[in-house]
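Chains A and B supply the protein sequences, listed in that same order.
Under the working numbering, the first residue of the first sequence carries the number 1, and numbering increases by one thereafter.
Under the working numbering, the first residue of the second sequence carries the number 1, and numbering increases by one thereafter.
Just so you know, not all the hints are guaranteed correct.
No more than 27 Å apart at the CA atoms, straight line, and that leaves these computed lysine-lysine pairs for DSS-like [claimed, not checked]:
no.: 1; chain 1: B; residue 1: K112; chain 2: A; residue 2: K64
no.: 2; chain 1: A; residue 1: K41; chain 2: B; residue 2: K71
no.: 3; chain 1: B; residue 1: K58; chain 2: A; residue 2: K64
no.: 4; chain 1: A; residue 1: K55; chain 2: B; residue 2: K57
no.: 5; chain 1: B; residue 1: K42; chain 2: A; residue 2: K66
no.: 6; chain 1: B; residue 1: K42; chain 2: A; residue 2: K41
no.: 7; chain 1: B; residue 1: K71; chain 2: A; residue 2: K64
no.: 8; chain 1: A; residue 1: K20; chain 2: B; residue 2: K42
no.: 9; chain 1: B; residue 1: K112; chain 2: A; residue 2: K41
Since the hints were derived computationally from the structure, they do not count as laboratory data.
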Amino acid sequence: GAVVSQHPSWVICKSGTSVKIECRSLDFQATTMFWYRQFPKQSLMLMATSNEGSKATYEQGVEKDKFLINHASLTLSTLTVTSAHPEDSSFYICSAPTGLAGGAKNIQYFGAGTRLSVL
Amino acid sequence: GENVEQHPSTLSVQEGDSAVIKCTYSDSASNYFPWYKQELGKGPQLIIDIRSNVGEKKDQRIAVTLNKTAKHFSLHITETQPEDSAVYFCAASKRDNFNKFYFGSGTKLNVKP
Chain A
1 GAVVSQHPSW VICKSGTSVK IECRSLDFQA TTMFWYRQFP KQSLMLMATS
51 NEGSKATYEQ GVEKDKFLIN HASLTLSTLT VTSAHPEDSS FYICSAPTGL
101 AGGAKNIQYF GAGTRLSVL
Chain B
1 GENVEQHPST LSVQEGDSAV IKCTYSDSAS NYFPWYKQEL GKGPQLIIDI
51 RSNVGEKKDQ RIAVTLNKTA KHFSLHITET QPEDSAVYFC AASKRDNFNK
101 FYFGSGTKLN VKP
């Protein structure tokens, strides 16, 4: 099946620094990608929808200036956690749907996730 | 917006037994219902999905049923094996919204050998 690659898989950073996470669709183009956050033993919480060539759409309660999203090409979306603090420590997961919206073959694939630890 | 509830939160079964996980959703416009398996430290993997024009779908030991009237859907795993142990998430979405998913809270399945 389709592959979504996420990098890095694990990052440790100091409080106040910024961290960039990459999400790539390896064998298909994705005009839309999604970013999720997952706390231990909890479900995935949708943070934002990344749109190629336009601004991301953020879910209610998610700070857009804190979590910068850039979708510069049809295969790459990046999430930058700016001025990270310990409370930003979490598991971040991206996903990308194949095909067109509403299409019968539109399936969403997830990256392997990035574990962020802010000291 | 959509609200997806999932039960049970944990499920222990003996190897070879069946496991059933249930989800309900609130938005009658949702029409796509995937199930994902997540192993520790990894991203979710799609295991089966069902669309609203179908009542049941089966893939080897895994099956999903959908009751649109009652707005609930279930995952059935037969002849469970230890490697089935993981966290399972259900989700609901509208296919016309680029699969913006609303996830259930997850079920931790433990298959005892």
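Consistency of the hints with the structure:
no. : hint            : verdict
1   : B:K112 to A:K64 : violated (44 Å)
2   : A:K41 to B:K71  : holds (26 Å)
3   : B:K58 to A:K64  : violated (41 Å)
4   : A:K55 to B:K57  : violated (37 Å)
5   : B:K42 to A:K66  : holds (24 Å)
6   : B:K42 to A:K41  : holds (13 Å)
7   : B:K71 to A:K64  : violated (34 Å)
8   : A:K20 to B:K42  : holds (19 Å)
9   : B:K112 to A:K41 : holds (20 Å)
Violated hints, in rising order: 1, 3, 4, 7; the structure is consistent with all others.
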